[in-house]
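Visitor: In case you want the letters, here they are:
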Amino acid sequence: MNDMRIADRKVSTETAKMTARGVQVYYGENHALKDVDVDILSGTVTAFIGPSGCGKSTFLRCLNRMNDTVASARVLGEIKLDGENIYDKRVDPVTLRARVGMVFQKPNPFPKSIYENVAYGPRIHGLTRNKAELDEVVEMSLKRAALWNEVKDRLDAPGTGLSGGQQQRLCIARAVATSPEVLLMDEPCSALDPIATAQVEELIDELRSQFSVVIVTHSMQQAARVSQRTAFFHLGHLVEYGETGQIFTNPKDPRTESYITGRIG
Amino acid sequence: MSVGLITLIVLGLAVLGFIYGRHRALSAVEGDARHLHSLPSYYGWSVFLFTAVPSLLLMCAWLILQPSIIENRVAALVPEADIAAAGSLNLVMADVRRIAGGIDAMAKEAGLDEAGIDALRADLSDIRGRLAEVGVALGSNVGEPILNAAREFRSLNASMRMAMAVAVIVAAVAGLVFAALRINPALRARNLVEQFVLVLLVSCSMIAVATTVGIIVSLVFESWHFFQLYPAKDFLFSTTWNPKFGGGSSLGIWPLLWGTLYVSFISLIVAAPIGLLAAIYLSEYATPKVRATVKPLLEVLAGIPSIVYGLFALITVGPLLRDWIAVPAGLGDSSSSVMTAGLVMGIMLIPYVSSLSDDIINAVPQAMRDGSFGLGATHSETIKRVVLPAALPGIVGAILLAASRAIGETMIVVMGAGAAAKLSLNPFEAMTTVTVKIVSQLTGDTEFASPETLVAFALGLTLFCFTLALNVLALVIVRKYREQYE
Ligand SMILES: Nc1ncnc2c1ncn2[C@@H]1O[C@H](COP(=O)(O)OP(=O)(O)OP(=O)(O)O)[C@@H](O)[C@H]1O
Ligand SMILES: [Mg+2]
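Quick note, the sequences are listed as chains A and B, same order.
With the first letter of the first sequence counted as 1, position 53 gets the number 53 in the UniProt record's numbering; the numbers rise by one all the way through.
With the first letter of the second sequence counted as 1, position 162 gets the number 162 in the UniProt record's numbering; the numbers rise by one all the way through.
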């Protein structure tokens with residue numbers, strides 16, 4: 001672990017963008033997430049780590065109410081965005097999701113052209129006034145997702161025809177184009193080669209100046225490289241949450257230590 | 001021996017073969033199945049198949065060939081004079097077969113033995129009466145040569161049957177012995193059995209293909225006959241349909257084709273939007289409980305026979321449209337109209353469109369919807385911009401399938417649109433379609449040689465080409481759709 005570059009830990013502001021208190025999630029009878037308390041700070045990259053099936057994606061999906069689309073899922077507890085409970089009746093999940101964007105674990109481009117995939121969010125939210133602006137947003141987003149050079153000559157080709165890694169970056173571009181306040185990324189680099197991974201990590205670092213980013217990852221190195229805060233989940237529990245440097249160099253819980261040194265997982 | 005009994009014997013032999021083959025394979029390796037190339041039962045199956053399949057195939061071939069062989073031999077016994085008197089050899093042979101059948105029945109009922117049957121010959125005048133008693137009514141008295149032919153027919157039949165039984169059983173035994181002797185631990189019994197299965201699968205699909213080809217060939221053949229009697233130019237380009245059974249009819253296809261297309265068009269205008277919107281509701285909005293009741297209910301519509309829809313068109317919809325729309329608007333006073341048939345057919349097609357589209361919409365991966373929701377799209381935006389475009393090719397396929405059904409529909413048109421061949425734009429006029437005219441050209445006592453009857457085949461061929469083109473189009477579109485998520 002010593003060779004790991006611990007990124008600068010300075011967090012621009014310490015204000016909490018989202019706060020989760022006592023979050024429980026049930027899938028039918030299965031108690032998938034138990035009593036999770038997390039603060040997502042603004043201008044910060046927060047990493048969720050933990051063994052497979054421990055509930056990282058589940059918690060991520062609570063943060064923009066994507067669990068609403070799963071019929072068997074039940075979410076208890078309180079999650080606030082800018083001080084407002086997002087599970088309140090008055091909150092429209094649609095507007096919430098425009099503010100809290102998401103990149104899914106499996107790439108899911110629409111069966112439309114690359115251009116239309118990226119333009120989807122700006123179109124439905126009316127973010128641009130004319131075609132020129134939209135073109136610009138599309139180009140910007142694709143550049144930030146490190147995909148522009150590969151697709152600039154075939155923006156009309158179907159997004160489903162791209163390779164797995166390219167699709168993943170297309171989904172990142174698609175989420176970025178909507179300019180959310182919080183961006184949730186579920187294993188965004190799982191299908192990427194080291195170069196594309198480095199580009200996406202660069203993007204994440206850059207996005208931090210505008211939004212909060214939450215990233216789920218199975219790579220300890222990646223968590224250490226890009227995040228300022230890290231949360232470690234195990235069997236549905238949030239075991240430890242704190243500054244990335246502290247988690248990786250001086251974990252308080254023995255389970256965290258075993259996991260990051262590779263003994264459980 | 002009857003065919004059923006022979007089959008049973010062969011199958012019995014095959015089962016014995018299975019047991020023996022399995023046993024022989026196992027005993028060759030002293031009960032240790034690991035030394036066998038295949039599982040023991042495969043050895044059994046190989047014997048089973050070698051016993052049953054060739055011998056049963058032989059039996060089928062025999063049963064197909066036997067009648068024509070016997071017919072040839074017996075026909076030689078019938079004197080020219082009888083053929084001339086009856087009109088044709090076929091008619092004489094039909095009599096011979098019936099007499100033979102009658103003698104069989106007599107033999108059974110009266111317990112007549114062979115000697116008694118011989119005695120019949122002495123008493124020719126009585127035969128007709130006695131045959132009538134057992135239900136075989138003959139038009140004229142039976143002559144000596146015909147009776148002889150019938151008796152020859154009987155005895156040949158019996159001896160061929162016997163020969164067949166022997167041949168089939170010998171073939172089965174030979175197959176059994178051959179396969180059983182081949183068994184040794186290195187025999188690739190599994191591959192053998194799988195090859196048999198492969199041949200079975202191939203032959204089943206060949207049957208489907210061969211029937212299709214057969215139907216098309218007969219259509220083309222009869223249509224060709226028609227075009228020799230009636231100029232193709234008139235059939236394809238004339239705009240009047242006016243068959244006269246005395247000759248001099250005009251058989252232009254356009255009025256019929258126009259009626260077909262008009263009725264189908266109206267029915268699709270009804271069925272496509274309603275079916276599609278119902279499918280969207282069912283697959284996207286309905287709760288599982290609603291879906292579980294509404295979907296089967298909609299599909300009940302598909303189970304109603306089209307003649308019932310026809311009644312509905314004739315008795316309810318037709319008069320309703322006439323009294324409330326056609327007459328007040330001055331568009332005609334006919335209760336059978338293109339509109340009636342189109343509307344009712346549209347209702348019939350709703351479940352086709354909706355249930356196919358529902359399946360297709362459901363096949364759009366949930367990840368696609370999640371992606372859209374995750375970007376802050378509403379449910380209806382997601383449906384409009386992601387789900388429907390993704391499902392569109394499939395939906396188009398569903399609508400084309402419904403269209404080809406509409407084109408082939410007959411009953412609703414007869415009862416709803418009438419039988420007058422007309423080229424008109426007014427939807428409240430009676431018109432008719434290709435299918436209806438096929439039926440009406442073929443019903444009634446007409447010989448199968450005039451253009452007025454043969455035209456039915458040309459019409460059928462036209463219809464076939466239309467629906468084939470639609471189905472191919474639908475298939476191509478659906479196939480393209482399948483590739484999309486890969
Ligand atoms: N849609 C669902 N329906 C029912 N159970 C689910 C569903 N999604 C997740 N679960 C269950 O919730 C638990 C947590 O799953 P989750 O997807 O959050 O794990 P994860 O930490 O993201 O794992 P991975 O690293 O493999 O992605 C698992 O036990 C899983 O079986
Ligand atoms: Mg996950």
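It is possible that some hints are incorrect.
Said to hold, decoys possible - On the chain A side, residues computed to face chain B include the following (Cβ under 7 Å):
1. V94
2. G121
3. I124
4. L127
5. N130
6. T178
Hints in this document: simulated from the structure, not taken from any laboratory.
The structure displayed is predicted, hence computed values, not measured ones.
Built from N, CA and C at the ideal position, the CB exists for glycine as well.
Visitor: The structure should be examined with respect to each hint, and the outcome stated for every one.
Guide: Hints, one by one, checked against the model:
1. The interface hint given for V94 (chain A) holds, since its Cβ lies 5 Å from the closest Cβ of chain B, which is under the 7 Å cut-off.
2. This hint holds: G121 (chain A) has a C-beta 4 Å from the nearest C-beta of chain B, less than the 7 Å allowed.
3. Because the closest C-beta pair between I124 (chain A) and chain B is about 5 Å apart, less than 7 Å, the hint holds.
4. Residue-level restraint check for L127 (chain A) is violated (minimum Cβ-Cβ distance to chain B is 11 Å; threshold 7 Å).
5. For N130 (chain A), the interface hint is violated, since its Cβ never comes within 7 Å of a Cβ in chain B; the closest pair sits about 20 Å apart.
6. Hint status for T178 (chain A) relative to chain B: holds, with the closest Cβ pair at about 5 Å, below 7 Å.
Of the hints listed earlier, those the structure fails to meet are numbers 4 and 5, in rising order.
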